[in-house]
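Produce the complete structure using the sequences and hints provided.
First to last, the sequence lines map onto chains A and B.
Residue 224 in the working numbering sits at position 224 of the first sequence, and the numbers go up by one each step.
Convert by adding 279 to the 1-based position in the second sequence; the result is the number in the working numbering.
If you're looking for bench data, these hints aren't it; they were derived computationally from the structure.
This one's a predicted model, so the numbers in the text were calculated from it and none came from an experiment.
From the three backbone atoms N, C-alpha and C, an ideal C-beta is built for every residue, glycine too.
You can trust all of the hints, since none of them are fake.
These stretches of chain A come out as covered by chain B in the derived footprint (C-beta under 8 Å, 3 or more residues):
| id | segment |
| --- | --- |
| 1 | 87-96 |
| 2 | 114-127 |
| 3 | 164-172 |
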Amino acid sequence: MMQPLLQVHGLTVTFPTPSGPVPVVRDFSLTMGREKIGVVGESGSGKSMTARAILGLVRPPGQVTARTLQLEDMDLMGLSPRGWQALRGKKAGMILQDPKFSLNPIKRIGNQIEETLRLHEPIRRGERRERALAMLEAVGIDDPVRVYKSYPHELSGGMGQRAMIAMMLVSSPNLLIADEPTSALDVVVREQVLRLLDTLVTDRGLGLILISHDLPMVARFCDRILVMYRGRVVETLDARYLDAATHPYTRGLLACLPSPATRGHMLPTLSRDPSWEAA
Amino acid sequence: MRGLVLGGVMAARGFAALLITLVGLLLVTFVVGRVMPIDPVVAAVGDKASAETYAKAREALGLDQPVWIQFGRYIGGVARGDLGQSSLSNRPVSEDIARVFPATVELSTLGILVGIILGVPLGVFAAHRRNRWPDQIIRSVSLLGYSTPVFWLGLIGLLIFYAQLGWSGGPGRIDTAYRYSVEEWSGLMLVDTLYSGDWDAFRSALSHIALPALLLGYFSLAYIARMTRGFMIEELSKEYVTTARLKGASEADVLWRHALPNVLVPVITVIALAYAQLLEGTVLTETVFAWPGLGLYITNSLFSADMPAVLGGTLVVGVCFVLLNKISEILYPILDPRTRSR
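This is how it looks when you write it as structure tokens:
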């Protein structure tokens, strides 16, 4: 059997508070190959923290424990800072929510893309430039040379997000995490960026973890969906059979979506049950 | 280079604003000087002079004219480089200032260099190790620098390094033996001794300036490190720092190549402020170390009601402030593309 791309078992992230440690991710498990996994849940459900824990980005005082955390054949538990540096950008990348904040405001886009290459591949400056320009073209930018020379504030949100994707894919990682990659974009651009992401992931045969609070959107793009609630995965679904959801939280979320059938009626709101957390 | 050109244009545009600022500064100083309960005529002729002498001196000083004419005349003089006659030294104020100001420039420049070279890295490091022991130590040391009276620290320094250990040259700018042998060229003792190739004199000058410069450096270090730490802590919480880590950047890269360049604009502003404060003449330091600088000059002039000297000194301080502000404004667009106007 082929080795899975990512194996996570019992991942838990806790933060100390004055009233004792509070777990924000509880017993998260996922085994995935080069497929598209969606992680949905409301704000504060632990989606982003899970992604950050997988890439070793939880900063003290946050604490990460797991029974297994393995990327390809590499054990990530107890990885040294140097080990993480060699892994991030090269083996796995992550796209953050809002390019307005996630790009360094005083560095040119080209320089920021080349930084990934500079950190991982001993190639010459001219070749770096070519790779960066090619990558800009690959993320659907018509005038790569202009964007290469631009500063982040000179780009639109959609352009910025494309540049971000370029930065994360230029060194050809196998795993890409996208943390709400389209939430900060307007609706038209959102669709374009999603389609681009889908194409890139499919063409390059990457594993994708798409984090979002938009259940139908995730269902369109992903193969499997994990539903998180209060730091826990409460349900794992095949994206083709959303209606087969059995967990009351997922059913509640689906019921809240507007559809032609419910036209003219008030949409229901979610009524929570403490027993969901134990599930 | 584009930034430099734009900076030049901005500097030219700011020149008019600079003039207005300086005239305003002079006006305030002038008015304060006139309403002070000190009679500059008495200061010039002494209180035993006859009424006739007094009136003559009053006329000679132009004090019989209305205040606004006096001010106009003063401004006219300043425009021609004439700052008036010091009643204390009986020499042109401009000459006096040309003599004392280089001493202050030399001392403050060394001081601010110490402050920058140590303060910025300490601030960055403290932010990196926020709330851990290195941060606590750096914070305590800067707080100490901030709150210890300079005359006390200066005296203790002299006591230990001059009186006890003999490492420092002690008060003054250079040993008396060299005082008249060094040819004056720039007015900066270190430069002049180097220029004349007199290594012994250079060593002597260095041993004199080291202690007060380190002391001033410590004070600006305290300020610069504290502010840099604050800016860096805010910067490190930003999302682009996460992006850098995601690309595989090391913590050193994150600190020095991503976060620090982003806070250079406020850090430069802080440095300019600290430098201006030093240039203003640190009266206490100059007193403790018998350093013949601007601060000492203005203070002495003030005590002897030598208003032209006080006004002249104030003008120099004002010009320093405004110029340093302008210089940092010119640097902004070079450091941060977002502040470049199109």
